[in-house]
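J.: Below are the chains, spelled out letter by letter.
Number of protein chains: 2
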Amino acid sequence: MQEGSANKRGAIIIGGGVGPMAGVKLHEKIITFTITDGSDQDHLDLIHLSRSRLIPDRTRFLHDLQGPNPGTVMAELVASAVTAFQRPEDQMPVSLAAGVPCNTFHAPLVWNAFTKQLEQLHAAVKPVHMLDQTVEELRQRFAPGAHVGILSTIGTKESGVWRNAIQEAGFIPLETDQMWTEKVHGAIYDHSWGLKAKSPASGKAKAMLQEATEYLINKGADAIILGCTEIPLALREGPFRNVMLVDPVSSLARALIRTAGAKSSPFLKASY
Amino acid sequence: MQEGSANKRGAIIIGGGVGPMAGVKLHEKIITFTITDGSDQDHLDLIHLSRSRLIPDRTRFLHDLQGPNPGTVMAELVASAVTAFQRPEDQMPVSLAAGVPCNTFHAPLVWNAFTKQLEQLHAAVKPVHMLDQTVEELRQRFAPGAHVGILSTIGTKESGVWRNAIQEAGFIPLETDQMWTEKVHGAIYDHSWGLKAKSPASGKAKAMLQEATEYLINKGADAIILGCTEIPLALREGPFRNVMLVDPVSSLARALIRTAGAKSSPFLKASY
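If you're matching them up, the sequences are chains A and B in order. Numbering-wise, the first sequence is residues 1 to 272 according to the UniProt record's numbering. Numbering-wise, the second sequence is residues 1 to 272 according to the UniProt record's numbering.
The shape of chain A in the complex, shown without the other chains:
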């Protein structure tokens, strides 16, 4: 066996379309962070599903609890991709990892439906939890009791997904107050100048997210999680006034690469 062949066994499924560009960013990071022998052929096999039309809005589902669960729908699509990987004429990948680049998708009501449905469909795939992997990387760098700030939308804040993950890891979560959460939310959703409306990011969205970051730094944050996949479009991961801004999509990319059996560039080197 030649050097680098470890990369040739595993595979990754991206459950994308939530939103579509977040999947592209995850896909790009997987390619960038995978350590290969320099050839196209040494990259991990990957199937990227972006079927937004079929996946209900996560925030709305959590709010109304009506209609199909986005987790169940996504599991069915991922399971169909697993089947494509298992065609008899292909070699069966040893290790198949799946990830979904959406913060709100990791609310227990959605995530648990996703993993349960994958089990029921006997899908031979390991789902990788973006928030747990992010917090796990933080544990490698920060001692228990460190203060971890969270920038997120109103919906993600209300769901408590980041607050709970951070607390369970032994860190102290720092959240924005209502006024600042509304400002962060506006920087993402505002129809005239928000990140979902304007590409590249408007100066107003950038300035507002920087101010929110400074607010969390003044509250004592040791690290800050960019807890919405749109935020890194305006605020780069990496050091900011000596505080580390962390993009969970990067943590998910590294964890998917490792779970699929390949080598990933490490936490700090990969991003900064």
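No lab work stands behind these hints, which were simulated from the structure alone. Glycine included, every Cβ here is placed at the ideal spot set by N, Cα and C. Heads up, a few of these hints could be off.
Mimicking SDA-like on lysine to any residue, the simulated pairs with C-alpha atoms at most 20 Å apart in a straight line are [to be verified]:
hint, chain 1, residue 1, chain 2, residue 2
1, A, Lys263, B, Ser199
2, A, Lys196, B, Gly38
3, A, Lys263, B, Ala197
4, A, Lys116, A, Thr72
Partial list, derived from the structure: chain B residues whose beta carbon lies under 10 Å from chain A [what the hints assert, rightly or not]:
hint, residue
5, Ala11
6, Gly19
7, Gly23
8, Val24
9, Glu28
10, Ile35
11, Gly38
12, Asp42
13, Asp45
14, His48
15, Ser50
16, Arg51
17, Arg53
18, Pro56
19, Ala81
20, Ala197
Fit chain B to the given chain A structure using the hints.
T.: Chain B in isolation, oriented as in the chain A frame:
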């Protein structure tokens, strides 16, 4: 039916992994160029296959004529994705388009094997030819007899794919001479400073590609095709000293969107 529902019928398959990052750039352009109602759900359904390990190197295949034809292999993968779109529990997409973001893949020996195998597998998908679509967009802007320069690797130049497509459209192809083709090839493949080795692009690679561009402008080019998917990493599409640099991946993205039945932002607006 509500406004924008035209986007809800069609779907796109990206035959990616050739190389992996070219697929990501195509995917990103499809999202950026699709005109939607602003919601995730209005984007086209998309399955992006990136199974580099299974797809033989195109240049090597054309040189040696040994081993499986990359076109046949890609057709089998695309057909399996078509099957995933045709599950009875989904709505069948009216219009399914497939594209492969690799210049050399469009050499007749590979492309014809691709389309023939899709037919034999009865895959209900319309393959979209990147080079033909690029030349078609040029015809909308330039009169017959215009001079169209080509920047490409040695392998793509030898295959003649661009030269033939440009001639058939009634334009006059301008190619680099042997010395300049070797310089362009080096800017892409050199293991220490080439585009496949260094990300972001090295100053040396950028400078060399700019010089090659100026060489073609001095030969009288009215437009220049960035005829290798790596070149736009160093040289942006758009106007350069009053000559238009054209990224064929952008033309492919727009054609896939239209073929799938959605609205694309137009040629100039989409890119520049």
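J.: Each hint should be assessed against the structure and marked as holding or not.
T.: Hints, verified against the model:
For the given pair, Lys263(A) sits about 18 Å from Ser199(B) by alpha-carbon distance, which is consistent with the 20 Å threshold. This hinted pair checks out: Lys196(A) and Gly38(B) have alpha carbons roughly 8 Å apart, not beyond 20 Å. Of the supplied pair hints, the one linking Lys263(A) and Ala197(B) holds, its CA atoms being roughly 18 Å apart against a limit of 20 Å. Proximity of Lys116(A) to Thr72(A) is assessed by CA-CA distance (about 8 Å); at most 20 Å being required, the pair is judged to hold.
Interface restraint check for Ala11(B): the shortest CB-CB distance to chain A comes to about 8 Å, inside 10 Å, so the restraint holds. Look at Gly19(B): its Cβ gets to within about 4 Å of chain A, closer than 10 Å, so that hint holds up. The closest approach between the C-beta of Gly23(B) and any C-beta of chain A is roughly 8 Å, which is under the 10 Å cut-off, so the hint is satisfied. At its closest, the beta carbon of Val24(B) sits 5 Å from a beta carbon of chain A; the interface hint therefore holds under the 10 Å criterion.
Here the hint on Glu28(B) is kept, as its CB sits about 5 Å from the closest CB of chain A, short of 10 Å. Interface restraint check: Ile35(B) against chain A, minimum CB-CB distance 13 Å, threshold 10 Å, status violated. Proximity of Gly38(B) to chain A holds as hinted, the smallest CB-CB distance being about 7 Å (cut-off 10 Å). For Asp42(B), the interface hint holds, the least distance from its beta-carbon to any beta-carbon of chain A being 8 Å, beneath 10 Å.
The closest approach between the C-beta of Asp45(B) and any C-beta of chain A is roughly 5 Å, which is under the 10 Å cut-off, so the hint is satisfied. Checking His48(B) against chain A by beta carbon gives a least distance of about 4 Å; that is within 10 Å, so the hint holds. The criterion of a C-beta within 10 Å of any C-beta in chain A is met by Ser50(B), whose closest approach is roughly 4 Å, and the hint holds. Interface restraint check for Arg51(B): the shortest CB-CB distance to chain A comes to about 5 Å, inside 10 Å, so the restraint holds.
Restraint check, Arg53(B) versus chain A: the minimum CB separation of about 5 Å is within 10 Å; hint holds. The criterion of a C-beta within 10 Å of any C-beta in chain A is met by Pro56(B), whose closest approach is roughly 8 Å, and the hint holds. With a cut of 10 Å, the hint placing Ala81(B) at the interface with chain A holds, because the nearest CB-to-CB distance is about 7 Å. The beta carbon of Ala197(B) is positioned within 10 Å of a beta carbon in chain A (closest approach about 7 Å), and the interface hint is therefore held.
Hint compliance for this structure: hint 10 alone is broken.
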